[in-house]
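As they're listed, the protein sequences go chains A and B. First residue of the first sequence: 22, per my numbering; consecutive thereafter. First residue of the second sequence: 22, per my numbering; consecutive thereafter.
Rather than coming from a laboratory, the hints here were simulated on the basis of the structure. Cβ coordinates follow ideal geometry from the N, Cα and C atoms, glycine included. The reader is advised that the hints may include incorrect statements.
Unchecked claim - Computed footprint of chain A on chain B, listed as stretches where at least three residues anywhere in the stretch have a Cβ under 8 Å from a Cβ of chain A: (1) 486-500; (2) 507-519; (3) 541-551; (4) 656-663; (5) 666-677; (6) 780-789.
Number of protein chains: 2
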Amino acid sequence: MTGKMFGAPIPRTEDERLVAGRGRYLDDLGAGAYAAAFVRSPHAHARILDIDVGDALDVDGLVAVYTHDDLRGPMAEPLPLLIPHPAIRDGRTPHALAAEYVHHVGEPVAMVVARDRYVAEDIVERVRVDYEVLPAVVGVAAARRADHVVHPGMSDNVAARLLQEVGDAPAAIAAAPHTLELDLEIERSASTPMEGRGVYARWDAADAMLRMYSSTQTASGVRAAVAAKLELQLGQVEVVVPDVGGGFGVKIVHPWPEEVMVPWAARLLGHDVKWTEDRREHFVAAAHEREQLQRVRVGFDDEGRLLGLDVRIWHDNGAYLPYGVIVPLVTSTQLLGPYRPGAYRVEFDSLYTTTVIVTPYRGAGRPQGVFAMERTMDAIAARLGLDRARVRSVNLIQPDEMPYDQGLVFQDGRPLIYDSGDYPAALAALLDLVGWDDFPAQRERARAEGRRIGIGLACYVEGTGPGPYEGGHVQVETSGRVRVATGLTSQGQGHQTILAQIVADELGVPISDISVTTGDTRRMPYSVGTYASRGAVMSGSAVALAARRLRDKALRIAGDALEADPDDLEIVGGRVRVKGSPASGMDLGTVAVLANPLRYAFDEASRAATQFGGPADFDRPPVAPDDAPGLEGTDFYSPLRCTFASGMHAAIVETDPETAEIRILRYCVVHDCGRLVNPLIVEGQIHGGVAQGVAGALYERMAYDSDGQLLNASFMDFLMPYASEVPAVEIDHLETPSPLNPLGIKGAGEAGVIPGAAVLAAAVEDAEGFPITRMPISPSELFHLRRRFASGEIPPLRARRPAAPAPRPSGQES
Amino acid sequence: MTGKMFGAPIPRTEDERLVAGRGRYLDDLGAGAYAAAFVRSPHAHARILDIDVGDALDVDGLVAVYTHDDLRGPMAEPLPLLIPHPAIRDGRTPHALAAEYVHHVGEPVAMVVARDRYVAEDIVERVRVDYEVLPAVVGVAAARRADHVVHPGMSDNVAARLLQEVGDAPAAIAAAPHTLELDLEIERSASTPMEGRGVYARWDAADAMLRMYSSTQTASGVRAAVAAKLELQLGQVEVVVPDVGGGFGVKIVHPWPEEVMVPWAARLLGHDVKWTEDRREHFVAAAHEREQLQRVRVGFDDEGRLLGLDVRIWHDNGAYLPYGVIVPLVTSTQLLGPYRPGAYRVEFDSLYTTTVIVTPYRGAGRPQGVFAMERTMDAIAARLGLDRARVRSVNLIQPDEMPYDQGLVFQDGRPLIYDSGDYPAALAALLDLVGWDDFPAQRERARAEGRRIGIGLACYVEGTGPGPYEGGHVQVETSGRVRVATGLTSQGQGHQTILAQIVADELGVPISDISVTTGDTRRMPYSVGTYASRGAVMSGSAVALAARRLRDKALRIAGDALEADPDDLEIVGGRVRVKGSPASGMDLGTVAVLANPLRYAFDEASRAATQFGGPADFDRPPVAPDDAPGLEGTDFYSPLRCTFASGMHAAIVETDPETAEIRILRYCVVHDCGRLVNPLIVEGQIHGGVAQGVAGALYERMAYDSDGQLLNASFMDFLMPYASEVPAVEIDHLETPSPLNPLGIKGAGEAGVIPGAAVLAAAVEDAEGFPITRMPISPSELFHLRRRFASGEIPPLRARRPAAPAPRPSGQES
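Looking at chain A on its own, in the form it has when it is part of the complex (with noise of 0.2 Å):
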């Protein structure tokens, strides 16, 4: 199954086109059309009294205004409660335009449809909407006290609840010989890819037929939620994703109310309509992440073993729920990392606050919760006065337990079962790496100079490609060409080359005759999404299933013209050809020639073709039963349950001891996806998500005042890190194949951002000498701990809490 480019550093091939500026984005499109822009709301909470269009109606280029009052039917109602867990107590979700209430600055009010958005811009601002403001609600410890609701109808701010338990953590924890109690904290971020969100919708009035053009994560879901909202049959929705710049997650979300109005208005219009976010609509109206609180509780032995663990989250969904049960069921879950935590229990509040929804970005949920693992196991070597090394090394899972069995219920509802991984020589690979050992002298070595430097580790598992499927479509076209299809989308990641690598060994055809499709609802309408690391795992697998289908189709027909076993063929460079007689065999686009029994006298194909005519059985129809005629092949991957990548990092830091800035320097990486479809995209993929970790970990953070107002929603003040502030980055590859997928791998795109957080609050606290508990941190943060340490506000390491006593039961606690 392996060939030649599987497994090879080969250069992406969309870069050709992408770097060269020849890519083509949502904003590229639709010129001719209509633009859309949107009345937001300025108030983070508020009723709405009254919305006047007067002073919009004589502007010259004007097409429509649109307030809720237009909409009808299933456009009228909220959108839809994507997932509806039944974690869930009240699950609250915008309309397309809001109805009575705002419930965070930037939500869509009224729509402008206008000539061209420069004209709907300056419409914008004609329209006025009178407002009772309302009292804002930002932050978990504000939504926690609820002294004022969100939504109305609520008692308390409590979107969802949800706990898990194995074994009893709390008695465990009483019994342990040694507790420990940490508190912790994350910030909010967002995913602020270069392009933000854009829709372009054509409705077809002749066909009955949609055709939207959207930056989205998911084709078919934009397709499935259009179609409901609109009242139409998914076969009158097309959904096509042009090039994306960028998704980390917050484009997964669908149907956005700008997704919806702007199909709804290209059909009442009769006309193409089109809408680009600018980037303070993506600041204040796409989606956060991160923001949570957490309690953890854990009582191990005098090697640091776990025996229980006790963690208690709360999560910021902000203003409503489409998406957000997801993310700290992600980190409730996935917390555990390569452990073995004892007797565990978890359980989570998600709640609303006045602020954009909450939803998964890159890592989705699993860097707060290996921050709250990983600084929980430092706290364990702290208070044993142990190498932190060694306590995460007695607690790892070893290869010969796999399949390992959490005993938990995964967020796909599917058993969490990790499926492979040897922790130990990650481990060891890693302290070799970065010379953990030898740490201690370059430690005293600096010092020596006057300088501070800390070192840090963080150990995470990642369940990657969740199904419950992909799609995969492999076509060789009469000249040859090889044409890919898969439904999930791109947003950069590199698809178009390894899928083409996948299949290009698969088939025997050189990568230069293979396009790749992707998020077409056209060619493949059954889909899911790119999201959770399954782009590779998913459609990587359903093209190589797709491309053997053809394969053994195109061997089969080959056999029939060569007058030869199939098992006796092999195809090279593209060519079916006979083991060990090469100038015995045909090109496979002639096979494709062959393959249609409906021959067209049109090309040199088909003319080549002609000479393996042979003498034709009329006894047999020209489609054999459960035969079809051209050359493709269909398949579908659906795995029984995710793979689980794993990785560890370690970073080395130096905190100045002035000015408190922090400096990283070193920030090594071991890693295991599973088999490699290209190491040079992994790497790339790592080398992004460490650039997001430390983003995460030192610079970016939503800074919200207490009237939910964005104060940084721009990218002059948005902290985003330049190159000069991400480390080099050292990587060791691990490889234990996945026994659930045909080729082995695992997923790899969220991978290097989610220990950020953890490993570089490790370093710096090993840097500092006392707690780092809330990140990111900052220099000016990072000066006030040191005083607040001087004075002994914070204790040392060594002498954190004990445990408290048992929580009261859940569901009494807020």
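Since the structure of chain A is already known, use the hints to place chain B on it.
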């Protein structure tokens, strides 16, 4: 398999739309498109010396003028020879725009693209073409003489020549007790559908995709041809066929010059382009049919039993041969009808003339073949003084001889084997229906009143539903709506109705829940086309097979959910239910939800399905191996051979003794197209066919002068019968099911037209008492024949000439 809908004479579901004027034809599309118009040759044969577009360039609204000099690559080469049959000696095809020569009036020389059609036509007038006029070659006789050769480089005008033999016909004739020789002639006519041709093309530069709409009988053929000409992959071309206002064969040609020029220009200009044919263009630049000269030599015994039959055919294929050889191929093989011919020899020459091309027109060579055979039968009866029905009867193939191998190679290259039929029963039914035995008394009564009446009959067998395949796709949406697609196109035959009837029964759903799409390569890329009465046989069978696959899947899924054996389930009214316990079940829409493990919480259907969720089985992948998400079924029907429908027509005519006006008193049809899907539609097809048969026998002809100018190229001059000229048609159905397909059906689309000329010639001959050998026949022609008969120039029926000695061997004569 058969249920309530199959066989039911329900009104056509498409008529609510079509009859109310809500049809959507080619010219209803493409608002905003540029209009194309063509500069066409005014000469039948000429060399282009110069094209001067100078005067055109300053017209406001001009977009572009193209001539052959603007074409490159495949576009500059001649259009393809669609059926490269080995009988073709020199296959000439036109260019998209004439290169150096023009070979018929109306041939496209230049293409004008302008803001609208008015401007385009004005510009056409301003393009000056200098021609060197060359001699026209009009009609078979002129083509055979070859005083002038149509195509440079050829020494004569013989495009194709084919001989087929079973036994030694010349020897059998020479040895026969009786012989006859007949010279016969059929003139040119044409399809003249209500809607002419038309093409509308949209090039999507961003997608690099071409969408074409064409008023065609073959979406897939147009797609393949245009892809080849424009050097696109098949996957880059979508062809959608809107409502089509009649085709009758003329629209099976692909690509027309206009059909490649319009998309070529759309791509070049980056703008939609449309062309709609006007009526004069259709007369001079589309296609005609029928023109043949035939010489029949026959030997027979005292009872009229055929011993040897030798038929020589000279066929006018017009200026080019893109498709034309199929017509004489059909004539030469299908003239045998329901008879055993004894030894058989047939040879045709297909000849170039400087007239518009000849391609199949409803009946497609069969009317000419039936004319040859049935005129021969009548001549034998006259010679022997036997009853004409009796002579036919002794020659009929008997039911117990089925399947019957005529020993010839059929038009599709496969053996000519009749699948089923009961010809003696059909003849008995026809004689009974028309009152054959009572006619002599009726004739005597009329004669006593001074009236001349005559009776005639004609029999035919028609190969219908040739392969190689058609596909069917059936899908149940989660709403419960059923979408059916097949690749072949509709031109008003009622496919939407009969395919829905078939699927309704197979699936157990109400017909109102079914929508049918034809001729859309987006829905069914593999297809052949609508011709040769293949719609019901091929696509009917294909959708039935597809629906059975879907049904199996639906019962399996519902069985899982209901915990019932699929064999214990039935589908009634769109609901799967347990037999004998009808309250227990679920709607098909719910089954469609269950068929996709990816659930969206969007709609009622998904929520309704949750009650059938049951405990998840984590040891089973969400999509089983070899399964696929969704409730769909696709299958292809690919027959071993054609089905053979048959029929016998009888007519009673009255000829005015003074004016020679011919009036049809009765027209009786016994028709056998196997099992009837919808008798109303079959009868409509027969009525329409008879109308065209009567038209071809008595009214319609193409009046070319010797310069190749068509003198009657408008509906003012082309004599199309009104309803007042079309007789009431009395129909009796026989149903001998075809053993070749799952529904037992045979084609019915062309049947009505086939014996028209033969049966009316026979009836007129019977009324007049002298041979009728050339059709159509007008009152003035009949008047002149009477004069020639009275003068002794035409012999009476019994005194026809015996067969001459056997002609020279094939290949020597032309």
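Against the structure, the hints come out as follows:
For the stretch 486-500 of chain B, the stated coverage by chain A is satisfied: 8 residues place a CB nearer than 8 Å to a CB of that chain, which reaches the threshold of 3. Judged by the Cβ-Cβ criterion of 8 Å, the stretch 507-519 of chain B is not covered by chain A as claimed, because only 0 of its residues qualify and three are needed. Counting residues of the stretch 541-551 of chain B whose beta carbon lies closer than 8 Å to any beta carbon of chain A gives 4, which reaches the threshold of three, so the coverage claim holds. Figure legend: the stretch 656-663 of chain B, annotated as covered by chain A; annotation consistent (5 residues with Cβ-Cβ distances under 8 Å, at least 3 required).
Given a C-beta distance limit of less than 8 Å, the hint that chain A covers the stretch 666-677 of chain B is violated, as 0 residues qualify and 3 are needed. Remark: the stretch 780-789 of chain B is not confirmed as covered by chain A, as 0 of its residues place a Cβ nearer than 8 Å to a Cβ of that chain, below the required three.
In summary, the numbered hints that this structure violates are 2, 5 and 6.
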